[in-house]
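Asker: Take a look at the letters that make up each chain.
Number of protein chains: 2
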Amino acid sequence: MEPVFALGLHVSRAAGNLVAQIYNQLSKAILQGRLAAGTAIPSSRLLAMHLNVSRNTVLQAYARLHSEGLLISHAGSKTLVADVTTTLLTSATASNLVTGIIPLWQNTTLFAQPGPSPITFNFSIGLADTTLFPFESWRRAINRQYRKMETRSMEPGHPAGQPLLRKMIAKFISQSRAVSCNPENIFICSGAQQAYVLLAQLFIKPGETGFAIESPGYPMARRAFAAAGARVFDVPVDEEGLIVDAIPPEVKIVFVTPTHQFPTSVPMSIARRTALLKLAKQRDMIIIEDDYDSEFRIGSQPIDALQTLDSEGRVFYVGTFSKCMFFDIRTGFIAAPEWAIPFLASARQAQDWRNPLVTQLALAEFMQNGELRRHISRMNRVYEQRYNAIVAAVNKYARGMLTPGIIRAGVHLTLNLHQDYPAQEACANALQQGIKIHCGNEFSVTDKIPNQLMLGLGRIAQNNIDHAIKQLVSCIVENK
Amino acid sequence: MEPVFALGLHVSRAAGNLVAQIYNQLSKAILQGRLAAGTAIPSSRLLAMHLNVSRNTVLQAYARLHSEGLLISHAGSKTLVADVTTTLLTSATASNLVTGIIPLWQNTTLFAQPGPSPITFNFSIGLADTTLFPFESWRRAINRQYRKMETRSMEPGHPAGQPLLRKMIAKFISQSRAVSCNPENIFICSGAQQAYVLLAQLFIKPGETGFAIESPGYPMARRAFAAAGARVFDVPVDEEGLIVDAIPPEVKIVFVTPTHQFPTSVPMSIARRTALLKLAKQRDMIIIEDDYDSEFRIGSQPIDALQTLDSEGRVFYVGTFSKCMFFDIRTGFIAAPEWAIPFLASARQAQDWRNPLVTQLALAEFMQNGELRRHISRMNRVYEQRYNAIVAAVNKYARGMLTPGIIRAGVHLTLNLHQDYPAQEACANALQQGIKIHCGNEFSVTDKIPNQLMLGLGRIAQNNIDHAIKQLVSCIVENK
Chain A
1 MEPVFALGLH
11 VSRAAGNLVA
21 QIYNQLSKAI
31 LQGRLAAGTA
41 IPSSRLLAMH
51 LNVSRNTVLQ
61 AYARLHSEGL
71 LISHAGSKTL
81 VADVTTTLLT
91 SATASNLVTG
101 IIPLWQNTTL
111 FAQPGPSPIT
121 FNFSIGLADT
131 TLFPFESWRR
141 AINRQYRKME
151 TRSMEPGHPA
161 GQPLLRKMIA
171 KFISQSRAVS
181 CNPENIFICS
191 GAQQAYVLLA
201 QLFIKPGETG
211 FAIESPGYPM
221 ARRAFAAAGA
231 RVFDVPVDEE
241 GLIVDAIPPE
251 VKIVFVTPTH
261 QFPTSVPMSI
271 ARRTALLKLA
281 KQRDMIIIED
291 DYDSEFRIGS
301 QPIDALQTLD
311 SEGRVFYVGT
321 FSKCMFFDIR
331 TGFIAAPEWA
341 IPFLASARQA
351 QDWRNPLVTQ
361 LALAEFMQNG
371 ELRRHISRMN
381 RVYEQRYNAI
391 VAAVNKYARG
401 MLTPGIIRAG
411 VHLTLNLHQD
421 YPAQEACANA
431 LQQGIKIHCG
441 NEFSVTDKIP
451 NQLMLGLGRI
461 AQNNIDHAIK
471 QLVSCIVENK
Chain B
1 MEPVFALGLH
11 VSRAAGNLVA
21 QIYNQLSKAI
31 LQGRLAAGTA
41 IPSSRLLAMH
51 LNVSRNTVLQ
61 AYARLHSEGL
71 LISHAGSKTL
81 VADVTTTLLT
91 SATASNLVTG
101 IIPLWQNTTL
111 FAQPGPSPIT
121 FNFSIGLADT
131 TLFPFESWRR
141 AINRQYRKME
151 TRSMEPGHPA
161 GQPLLRKMIA
171 KFISQSRAVS
181 CNPENIFICS
191 GAQQAYVLLA
201 QLFIKPGETG
211 FAIESPGYPM
221 ARRAFAAAGA
231 RVFDVPVDEE
241 GLIVDAIPPE
251 VKIVFVTPTH
261 QFPTSVPMSI
271 ARRTALLKLA
281 KQRDMIIIED
291 DYDSEFRIGS
301 QPIDALQTLD
311 SEGRVFYVGT
321 FSKCMFFDIR
331 TGFIAAPEWA
341 IPFLASARQA
351 QDWRNPLVTQ
361 LALAEFMQNG
371 ELRRHISRMN
381 RVYEQRYNAI
391 VAAVNKYARG
401 MLTPGIIRAG
411 VHLTLNLHQD
421 YPAQEACANA
431 LQQGIKIHCG
441 NEFSVTDKIP
451 NQLMLGLGRI
461 AQNNIDHAIK
471 QLVSCIVENK
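These protein sequence lines are chains A and B, in that order. Counting from 1, one number per residue, gives the positions in the first sequence under our numbering. Counting from 1, one number per residue, gives the positions in the second sequence under our numbering.
A couple of the hints might just be wrong.
The list cannot tell twin chains apart, which means a pair is met if one copy fits it or any two copies do.
To be verified - Straight-line Cα separation of at most 27 Å, BS3-like style, residue types lysine-lysine; simulated pairs: (1) LYS278 <-> LYS205; (2) LYS171 <-> LYS28; (3) LYS78 <-> LYS278.
Hints listed in this document are in silico derivations from the structure and should not be mistaken for laboratory results. Since the model is a prediction, treat every value here as computed from it, not as a measurement.
Can you make the complete structure from the sequences, with help from the hints?
Answerer: Right, here's the structure in full:
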């Protein structure tokens, strides 16, 4: 039978240009392979009758298909569908096109989805305990903002963030972290990760700019700067934090986590802090301070931000609400010198414009009402209890094998492991027993890694801790 | 008097290491300038007495401050605060550090905040009319998702997006835009702008990869690819859309807006579409189709997506919910070949991880319930009425001076202006009279721009249109 009938070709005078309608349907069918190469198409007379249009209309459509190589004339008078066979590109065939930075990372599965094995005791790091978050009052704040928004057309917000939120954040970090800043220094972004991306856009000249990061260190910060084309230098860390003397002279940007080194947890000593600031001045460097998890203090020795000591405006301070609120809020910030704000705004617009207004204003309200502060102090007690329970259980079950690291802040702790027990093996064996823990190997590009375990405090129930540590210790010992 | 007293130095045995406490407070005071250079500090004996600590404790703290150059010994026995005077970096002094891509854009003020002059008639482009959006049921959807989230800890979501939303989007664009795709082809991101950034990360090798974009064209797409280091080629547009023959051989990635060329509004002809796909095959190119505003059809001739004709998987289709929902939702997507999804996921994680789960799931619900479809068809009528009213008013007041462009979709229209009236002047004069309109000069890097005005449909009330166009025409004529 005539293939056109099978294809259900149809035209409508109401839909305008008949030639175009016929042409469009046929060309699509040919290109999509629904009309196979070599198929004879009906004569113009027959199709015109079938569609109840003039023969000239069909001829015009056919002529266009001819001119585009979709139809070919066969010996005799037959018209056939041309061979436009194409095959879908695959990753392999497209490989010469995928030349961006991304392919380099294909084999790194960071922060992978949970695997099939069931987790009984979850010491995952980087996750807050959201079961204790006051979602009801958060929802009220969100609803209030939406209701305000309904009454008027939404105007474009400023890429640096809404003024009230900038003000609240400046106040918050001035008070809790002794960061010296005004609302004009605060730049709102979608989280710490985007902060790295934006700062890289400001400071990294691809293939040229030297960038130093702690090793072991936070791999996603490393990745953001590497993606921007930075020459990355991995600078070792010891029990005082980043070894400042080891920063190579090519470096112009230094990334540090002074409050709570990631992943070793050590606070950077005051000597190193002043040495780093001094070196920054000497060599004209910029410092990026990631002050993650610093809201949660452990022990009685609070430690200020590095930015507090900076009198030149060389420190760009990065913070996030992922832990003290919840990850889904997708809100973070940079406390930056005022001159840098328009640069950051320009970079942000080209990335994804700005944060949602509703979330920004709801968060500002939440901070203004003191709700954030109340939640943080509640969670501070919760996390400190968990921390203390882990330390107690470690001292009870694993003396000589595991030693808790020095820690002053955060939502995870480190346990130094006796050299007889390699941390990587301990992690793998623990996972087999349903215990999710981490080790430094996940966060280092070099082999010189302290033999440490890392235990997150966000997902483990207080009353499970003793049992979990007991089981962890026994599975490390057994698999030795 | 002794400066230490004025500084309110204090120590606490409960807070641990006394040497560190003294050292920390003094070093901070010196670095922050609260202890001026040259100030004599109290003798160790005096301070020890004042703080009620051993003299040795104070001596240790002083020794450390000495070793770090914060204190100097003066002739005699006096110890003075060293000169650590620093001055804040300024944009000028930091200019040798700001070497990233951003400074290049400092002088371009795209999509600036509204200026001081009052706008009576707002024909701004790129903005949806949110006053008619069903925010009440949207809020209900958001609340439902938050309530679900409260009952359990939030797990990390997949960077490609939540499965239900991917399914709903695949269904939506298959039906409304004839885009051939499955849920596995959908990658969720924060909007069209982020889609460009991610695709640039996949395909652009800095300094090498050739990238073609329509001229005039969408400047923020151009910026995203330029930022990634693409060699940008601006390819002219005529009344059939992108001039495919003018794409230089170096080009590997082509960016097009076939449904509704930005900013000229012309739909790309079928001939050009097939020519572009053919050329892409010949030269092994990737095509990025930005199908913005295509949900809103104008007239009776709907036009399919370019992706529909693509049988090789060379077209990456970009869509957004900024117009059919509202900008603040910060949600867009790429319909991509399945092999590309892991690359995009890897790129997304390094940018900002993922979209908020709550928004994703609320949007999926909104689509599943048919609410999005109902809102779109309502707004389609609203925008088409506004479009028709503008065309009617133009024909009434500006025959021979303004001619409406061909348009089949979108939330803005173009008016071709008689050559006697330069569009840029018309825009400036209109703004002085409180009428906000746009012209092609804002969106082109070359001088070859059609003499066109652009009028957005999102912020102008139906019953103001006749008067607004009348006034627009008179102010163009008067200022001639």
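Asker: Does each hint hold? Answer for all of them.
Answerer: Verification of the hints:
no., hint, in the structure
1, LYS278 <-> LYS205, "within (24 Å within a copy, 37 Å between copies)"
2, LYS171 <-> LYS28, "between (60 Å within a copy, 20 Å between copies)"
3, LYS78 <-> LYS278, "between (85 Å within a copy, 25 Å between copies)"
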